[in-house]
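Sequences and hints are given; from them, build the entire structure.
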Amino acid sequence: MQLVFDNLPFLLKGAGFTLLLTIVSMFFGLIIGLVVAIARLKGNRPIRWLARVYVSIIRGTPLLVQIVIIYYGVVDYGITLGSLTAAYIALSVNAGAYLSETFRGAILSVPKGQLEAAYTTGMTPWQAMRRVVLPQAMRIAIPPMGNTFIGMLKETSLVSVITVSELLRQAQLLIAQYYQYMPFYLAIGVMYWIMSTALSFILERFERRLAKAY
Amino acid sequence: MITTTGLSKHFQDLEVLKNINLEVAARDIVVVLGPSGSGKSTLLRCLNGLEDISGGSFEVNGIRVGAEDSKRARQQATREIRRQSGMVFQQFNLYPHKTALGNVTEGLMTVKKMPKEQAVTIGRKLLDRVGLTDREDYYPSRLSGGQQQRVAIARSLAMEPAVMLFDEPTSALDPELVGEVLSVMRELAQEGMTMLVVSHEMKFAREVATKVVLMAEGNIIEEAAPQHFFEDPRQERTRKFLRQINEI
Ligand SMILES: Nc1ncnc2c1ncn2[C@@H]1O[C@H](COP(=O)(O)OP(=O)(O)O)[C@@H](O)[C@H]1O
Ligand SMILES: [Mg+2]
Chain H
1 MQLVFDNLPF LLKGAGFTLL LTIVSMFFGL IIGLVVAIAR LKGNRPIRWL
51 ARVYVSIIRG TPLLVQIVII YYGVVDYGIT LGSLTAAYIA LSVNAGAYLS
101 ETFRGAILSV PKGQLEAAYT TGMTPWQAMR RVVLPQAMRI AIPPMGNTFI
151 GMLKETSLVS VITVSELLRQ AQLLIAQYYQ YMPFYLAIGV MYWIMSTALS
201 FILERFERRL AKAY
Chain Y
1 MITTTGLSKH FQDLEVLKNI NLEVAARDIV VVLGPSGSGK STLLRCLNGL
51 EDISGGSFEV NGIRVGAEDS KRARQQATRE IRRQSGMVFQ QFNLYPHKTA
101 LGNVTEGLMT VKKMPKEQAV TIGRKLLDRV GLTDREDYYP SRLSGGQQQR
151 VAIARSLAME PAVMLFDEPT SALDPELVGE VLSVMRELAQ EGMTMLVVSH
201 EMKFAREVAT KVVLMAEGNI IEEAAPQHFF EDPRQERTRK FLRQINEI
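As they're listed, the protein sequences go chains H and Y.
Sequential numbering from 1 applies to the first sequence in the working numbering.
Sequential numbering from 1 applies to the second sequence in the working numbering.
Hint data in this document are derived by calculation from the structure and do not stem from the laboratory.
Some hints here could point you the wrong way.
Said to hold, decoys possible - Label-pair ranges, simulated between beta-carbon atoms:
{"hint": "1", "chain 1": "Y", "residue 1": "12", "chain 2": "H", "residue 2": "197", "range": "34 to 44 Å"}
{"hint": "2", "chain 1": "H", "residue 1": "85", "chain 2": "Y", "residue 2": "63", "range": "18 to 28 Å"}
{"hint": "3", "chain 1": "Y", "residue 1": "172", "chain 2": "H", "residue 2": "211", "range": "35 to 45 Å"}
{"hint": "4", "chain 1": "Y", "residue 1": "57", "chain 2": "H", "residue 2": "108", "range": "28 to 38 Å"}
{"hint": "5", "chain 1": "Y", "residue 1": "192", "chain 2": "H", "residue 2": "56", "range": "56 to 66 Å"}
What the hints assert, rightly or not - DSBU-like mimics (lysine-lysine), calculated; alpha carbons at most 35 Å apart, straight line:
{"hint": "6", "chain 1": "Y", "residue 1": "71", "chain 2": "Y", "residue 2": "240"}
{"hint": "7", "chain 1": "H", "residue 1": "112", "chain 2": "Y", "residue 2": "113"}
{"hint": "8", "chain 1": "H", "residue 1": "154", "chain 2": "Y", "residue 2": "125"}
{"hint": "9", "chain 1": "H", "residue 1": "13", "chain 2": "Y", "residue 2": "116"}
{"hint": "10", "chain 1": "H", "residue 1": "112", "chain 2": "Y", "residue 2": "71"}
{"hint": "11", "chain 1": "H", "residue 1": "42", "chain 2": "Y", "residue 2": "116"}
{"hint": "12", "chain 1": "H", "residue 1": "112", "chain 2": "Y", "residue 2": "116"}
{"hint": "13", "chain 1": "Y", "residue 1": "112", "chain 2": "Y", "residue 2": "125"}
{"hint": "14", "chain 1": "Y", "residue 1": "240", "chain 2": "H", "residue 2": "42"}
{"hint": "15", "chain 1": "Y", "residue 1": "71", "chain 2": "Y", "residue 2": "125"}
{"hint": "16", "chain 1": "Y", "residue 1": "18", "chain 2": "H", "residue 2": "112"}
{"hint": "17", "chain 1": "H", "residue 1": "112", "chain 2": "Y", "residue 2": "125"}
{"hint": "18", "chain 1": "Y", "residue 1": "71", "chain 2": "H", "residue 2": "154"}
{"hint": "19", "chain 1": "Y", "residue 1": "112", "chain 2": "H", "residue 2": "42"}
{"hint": "20", "chain 1": "H", "residue 1": "42", "chain 2": "Y", "residue 2": "98"}
{"hint": "21", "chain 1": "H", "residue 1": "13", "chain 2": "Y", "residue 2": "98"}
{"hint": "22", "chain 1": "Y", "residue 1": "113", "chain 2": "Y", "residue 2": "125"}
{"hint": "23", "chain 1": "Y", "residue 1": "203", "chain 2": "Y", "residue 2": "240"}
{"hint": "24", "chain 1": "H", "residue 1": "42", "chain 2": "Y", "residue 2": "203"}
All C-beta atoms, glycine included, are put in the ideal place defined by N, C-alpha and C.
Listed below in structure tokens is the structure:
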């Protein structure tokens, strides 16, 4: 126990990185997800196909494999990514694929009459999407988006394999130094749990605020 | 104001509109009657570009759409037509994430690029016109069906249409709420709006229409001034339809 307290700043730094990774990847994942969802619904044939292949590959392969491919794989083509950059890319691209499915479903669940009403007032398809469909779709998408967010927090632990000093990696470094497993693994377990509980609490409040709006 | 020439529409094998020739002059109130499934909604939807036509052509306020036109030309004409005509749906289709006022101002700001203050001024005037001044901050979920439909009418009017299309605007309403919507429509008619109305409100058709049209199986069976249509129909099909209506 004493060991954990002595090294708490080191672990907290890892937890900070975990949060940063989660938030940044989620941010870019949301952008990718939205673009891909719209591409799949509104794009021409090659674009729709491309978007489908992307989603299929990401959903059909383990995140761990995606991470190592992005980190080690591209080196063969003369591109060297820092481990942190590779982590951001892998996590964002992964979240983007899942979120695009969420958004696609949410957009499709907005009744057709909404789009038609917007069209009859003279809106272009893009205006109708932005002003009428997306605001309604976002509300529908918020609960599954929250799940992805919390999932992401836990899955960031996978980038420890490419030496990003997030929470799990920090614990592993301490373990290598002290030859003690349980205290550190237990400690980070508790830290993950606290972070995901806090995050779901915040998301729930956010959801309730939005639900009250109309 | 609206002319259709040999307009036809089919969904795959299903012929829904067959050679429709209809004329709606400026300031006309044309009421379309007909059994369910006769193609009334489809006709209105074609006139607003919500469905592509399969044959013939139509014109709204001088803008022509022909079945033979290129997709691009049709899209362009459709956008112009939508700017000059309003449409009111059976299911209201209000934007649930916007207040009554927000529903009315949305098109002004997004389509007409009007500054917010100006849009709000116009929006309030229109809500006043449909008798909903005190409901501007209400979301649709907190409005009755009749109130929602009146907001929907105000939303259409905001775009200053030359012609209004109504697709069974009172069919989804509880009986006691029908009157408030019809009275807004009567006022519109008195103010000289050109209107094409699909409705089964016979009293409205008798008293307000300049012309009544019966559709059945995708054809126009009969069209006449309301007096003639109701008192002295020429077609047996019309007599049968009126008998059925009166039995209910
Ligand atoms: N999008 C569609 N696809 C296939 N059939 C349709 C579609 N829309 C309408 N129809 C069919 O066209 C016919 C006429 O429908 P509609 O115009 O709604 O009639 P009405 O409004 O007079 O009740 C019906 O048989 C209906 O099932
Ligand atoms: Mg109908």
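To see whether the hints hold, each was checked on the structure:
no.: 1; hint: Y:12 to H:197: 34 to 44 Å; verdict: violated, 54 Å
no.: 2; hint: H:85 to Y:63: 18 to 28 Å; verdict: violated, 54 Å
no.: 3; hint: Y:172 to H:211: 35 to 45 Å; verdict: violated, 26 Å
no.: 4; hint: Y:57 to H:108: 28 to 38 Å; verdict: holds, 33 Å
no.: 5; hint: Y:192 to H:56: 56 to 66 Å; verdict: holds, 58 Å
no.: 6; hint: Y:71 to Y:240; verdict: violated, 41 Å
no.: 7; hint: H:112 to Y:113; verdict: holds, 25 Å
no.: 8; hint: H:154 to Y:125; verdict: violated, 54 Å
no.: 9; hint: H:13 to Y:116; verdict: violated, 47 Å
no.: 10; hint: H:112 to Y:71; verdict: holds, 22 Å
no.: 11; hint: H:42 to Y:116; verdict: holds, 30 Å
no.: 12; hint: H:112 to Y:116; verdict: holds, 27 Å
no.: 13; hint: Y:112 to Y:125; verdict: holds, 17 Å
no.: 14; hint: Y:240 to H:42; verdict: violated, 47 Å
no.: 15; hint: Y:71 to Y:125; verdict: violated, 38 Å
no.: 16; hint: Y:18 to H:112; verdict: holds, 26 Å
no.: 17; hint: H:112 to Y:125; verdict: holds, 29 Å
no.: 18; hint: Y:71 to H:154; verdict: violated, 50 Å
no.: 19; hint: Y:112 to H:42; verdict: holds, 25 Å
no.: 20; hint: H:42 to Y:98; verdict: holds, 25 Å
no.: 21; hint: H:13 to Y:98; verdict: violated, 44 Å
no.: 22; hint: Y:113 to Y:125; verdict: holds, 18 Å
no.: 23; hint: Y:203 to Y:240; verdict: holds, 18 Å
no.: 24; hint: H:42 to Y:203; verdict: violated, 45 Å
Comparing the model with each earlier hint shows violations of hints 1, 2, 3, 6, 8, 9, 14, 15, 18, 21 and 24; every other hint is respected.
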